[in-house]
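Can you make the complete structure from the sequences, with help from the hints?
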Amino acid sequence: MGAVENIQITDAKRRYSAGVLKYAQMGYWDGDYEPKETDLLALFRITPQEGVDPVEAAAAVAGESSTATWTVVWTDRLTACDMYRAKAYRVEPVPNQSGQYFCYVAYDLSLFEEGSIANLTASIIGNVFSFKPLKAARLEDMRLPVAYVKTFRGPPTGIIVERERLDKYGRPLLGATVKPKLGLSGRNYGRVVYEALKGGLDFTKDDENINSQPFMHWRDRFLYCMEGVYRASAASGEVKGHYLNITAGTMEEMYRRAELARELGSVVMMVDLIIGWTAIQSISNWARENDMILHMHRAGHGTYTRQKSHGVSFRVVAKWLRLAGVDHLHAGTAVGKLEGDPMTVQGYYNICRDAKTEIDLPRGIFFEQDWGALRKVMPVASGGIHAAQMHQLLDLFGDDVVLQFGGGTIGHPMGIQAGAEANRVALETMVLARNEGRDIRNEGLEILRTAAKSCQPLRAALDTWGKVSFNYTSTDTSDFVPTASVA
Amino acid sequence: MRVTQGTFSFLPELTDEQIKRQIEYCLDKGWAVAIEYTDDPHPRNTFWEMYGAPMFDLRDAAGIIQELAACRKTFPQYYVRVTAFDSTHGVESITLAFIVNRPANEPGFRLVRQEEPGRTVRYTIESYAVAAKPEGARY
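Chain order of the listed sequences is A and B.
Using the working numbering, the letters of the first sequence map in sequence onto residues 1 to 487.
Using the working numbering, the letters of the second sequence map in sequence onto residues 488 to 626.
It is worth saying that the hints were derived from the structure and are not from the lab.
Please note: incorrect hints may appear among the correct ones.
[As the list claims (entries may be wrong)] Covered stretches of chain A, going by a simulated chain B footprint (3 or more residues, C-beta under 8 Å):
(1) 236-242
(2) 259-270
(3) 418-426
[As the list claims (entries may be wrong)] The following residues of chain A were derived to be distant from chain B, with all beta-carbon distances above 10 Å:
(4) T69
(5) D167
(6) S185
(7) Y230
(8) R231
(9) S233
(10) A279
(11) R288
(12) G407
All residues carry an ideal CB built from backbone N, CA and C; glycine is no exception.
Structure (structure tokens):
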């Protein structure tokens with residue numbers, strides 16, 4: 001990989017003669033480069049077209065995501081162009097994947113605007129993913145220097161303050177998404193909220209595509225949901241919440257919905273990932289000013305995160321979202337119905353919750369990341385999980401997570417309240433057992449069955465779902481460990 | 488009704504042995520255990536009375552159980568909770584909190600609705616016990 005054509009041309013006259021040079025010759029490859037502490041680092045998985053040298057491909061990635069165009073331009077010489085050029089500094093084959101390479105690129109801090117994910121993404125994933133000499137490209141991980149991290153405000157609330165506001169400690173939080181997600185009237189919708197919260201959940205949730213449709217306008221949804229929230233709070237003496245989805249067609253309309261959520265006394269509201277980075281940062285500022293927990297539903301991410309060969313890994317999206325400032329983030333379940341192998345998912349959780357994330361290849365973490373005291377994001381596990389998996393969920397994810405059982409609450413044979421109670425009893429039982437030193441990973445089901453003797457709703461839940469599992473091999477897995485499934 | 492604040496309120500009342508094991512778990516983690524009590528269990532009543540300062544230096548579960556017994560004896564009809572505090576940077580907050588004593592009768596909360604234009608409602612949660620009697624005479 002050190003061929004002559006991959007060496008930067010240093011003779012200025014030759015370098016800047018009109019015409020086309022290889023990206024490596026233009027200076028976008030430097031195998032000896034030592035990244036600076038203040039550099040942004042990116043790891044791409046690239047699949048060059050047949051006959052394209054991987055080093056030249058890596059240099060092209062660095063070039064197209066920073067200053068380069070396809071031909072030499074003399075106007076480079078009006079700038080400190082050596083500094084502005086991103087530098088590919090390492091290329092290595094992906095283990096057991098022929099034709100794929102990991103390429104590491106370093107970017108100088110001065111390439112980026114402070115506090116703008118829009119600017120960051122416009123550079124790093126702006127052009128390069130459509131670049132013809134590459135069959136495919138995937139952004140696997142990024143290291144964001146603390147100097148850059150500190151230009152972001154991060155989560156408006158964070159895990160610690162959220163728990164203090166809710167007065168809920170020492171256990172995962174429990175939630176459920178109202179189902180069916182479309183078609184219920186406001187009155188019927190609020191009924192589900194009330195039943196689930198009164199039964200023992202901490203949160204209920206709007207789904208990603210519930211906005212202001214003909215069957216339920218948004219004001220109706222907000223009013224009936226908050227009636228349910230406060231009724232359940234009065235019945236239990238606990239703080240409760242419903243993630244009011246304020247996603248709308250314009251920022252003006254989102255602010256209008258956020259204002260009503262605040263007026264009605266909601267502690268939390270939600271947006272979908274598809275509103276875009278600028279809207280996310282704006283609504284995060286609003287949430288910070290109004291003491292509102294901001295729940296992020298990662299709607300749409302599967303279109304670019306799932307396939308291993310092309311797109312952006314969710315671990316990178318999670319890093320961007322922590323900077324942009326969300327309090328809750330759906331990060332996978334490992335054991336539920338949606339994509340995600342257990343260790344890869346744990347990697348996402350660590351990104352949300354660590355003060356400093358260490359390199360951890362089996363979990364897909366390629367860089368050390370110092371979060372510079374940025375608040376922590378509460379990960380959310382949602383999608384096809386149920387009470388009989390409580391020991392696995394607690395063992396995989398620990399206390400700082402929202403476990404969301406939608407079908408696993410509302411589909412309970414004895415009703416919604418019973419479904420919620422089954423989940424809460426299963427959760428508290430498992431936390432108690434873990435704290436007592438029991439081996440919950442292996443004895444979990446036995447612990448649940450014992451608790452079910454004095455809790456009929458839990459018994460019914462175990463009878464209904466005890467044998468349900470989604471045991472498929474994941475698409476997005478680590479390249480550094482044999483892929484394991486859960487069961 | 489039953490106030491279900493705290494980590495274990497959906498389980499049968501914990502025995503002293505069970506409480507002791509939870510305290511041991513907290514001490515093993517290096518957390519400081521504290522005892523708090525109140526006769527105002529409103530969900531937003533953050534500041535329960537402290538039964539002494541958090542026991543940063545008491546690293547013996549049996550000793551904490553003795554403190555708890557004394558607190559229960561003094562306030563048999565109060566809500567009493569055990570909390571654990573983690574002073575690690577980035578946490579510096581409570582990491583476990585569970586109710587270990589509660590009044591025999593829990594009258595619960597009234598939901599007060601102040602109706603406003605546009606069908607908007609301003610909600611207030613009011614404890615029946617707190618509304619009926621002054622502090623110290625409620626349960």
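Evaluation of the provided hints:
With 4 residues carrying a beta carbon less than 8 Å from a beta carbon of chain B, the segment 236-242 of chain A meets the three-residue requirement, and the given coverage holds. Coverage of the segment 259-270 of chain A by chain B holds. Counting CB-CB distances below 8 Å, 4 residues qualify, and the rule asks for three or more. Against chain B, the segment 418-426 of chain A contributes 3 residues with a C-beta closer than 8 Å to a partner C-beta. That satisfies the three-residue criterion, and the hint holds. Remark: the non-interface label on A:T69 is consistent with the geometry, its nearest Cβ contact in chain B lying 44 Å away (cut-off 10 Å).
Listed as a non-interface residue, A:D167 fails to keep its Cβ farther than 10 Å from every Cβ of chain B; the least gap is roughly 6 Å. The beta carbon of A:S185 sits about 15 Å from the closest Cβ of chain B, which is more than 10 Å, so the claim that it is off the interface holds. The claim that A:Y230 lies off the interface is violated: its Cβ sits roughly 4 Å from the closest Cβ of chain B, which falls inside the 10 Å cut-off. Listed as outside the interface, A:R231 is inconsistent with that label: its C-beta sits roughly 6 Å from the nearest C-beta of chain B, within the 10 Å cut-off.
A Cβ of chain B approaches the Cβ of A:S233 within 10 Å, the least distance being about 6 Å, so the stated non-interface status is violated. For A:A279, the non-interface assignment is confirmed: its Cβ lies about 26 Å from the closest Cβ of chain B, beyond the 10 Å cut-off. Under the 10 Å C-beta cut-off, the non-interface status given to A:R288 relative to chain B holds; the minimum distance is some 19 Å. With a cut of 10 Å on Cβ distances, A:G407 stays outside the contact zone with chain B, its closest approach being about 21 Å.
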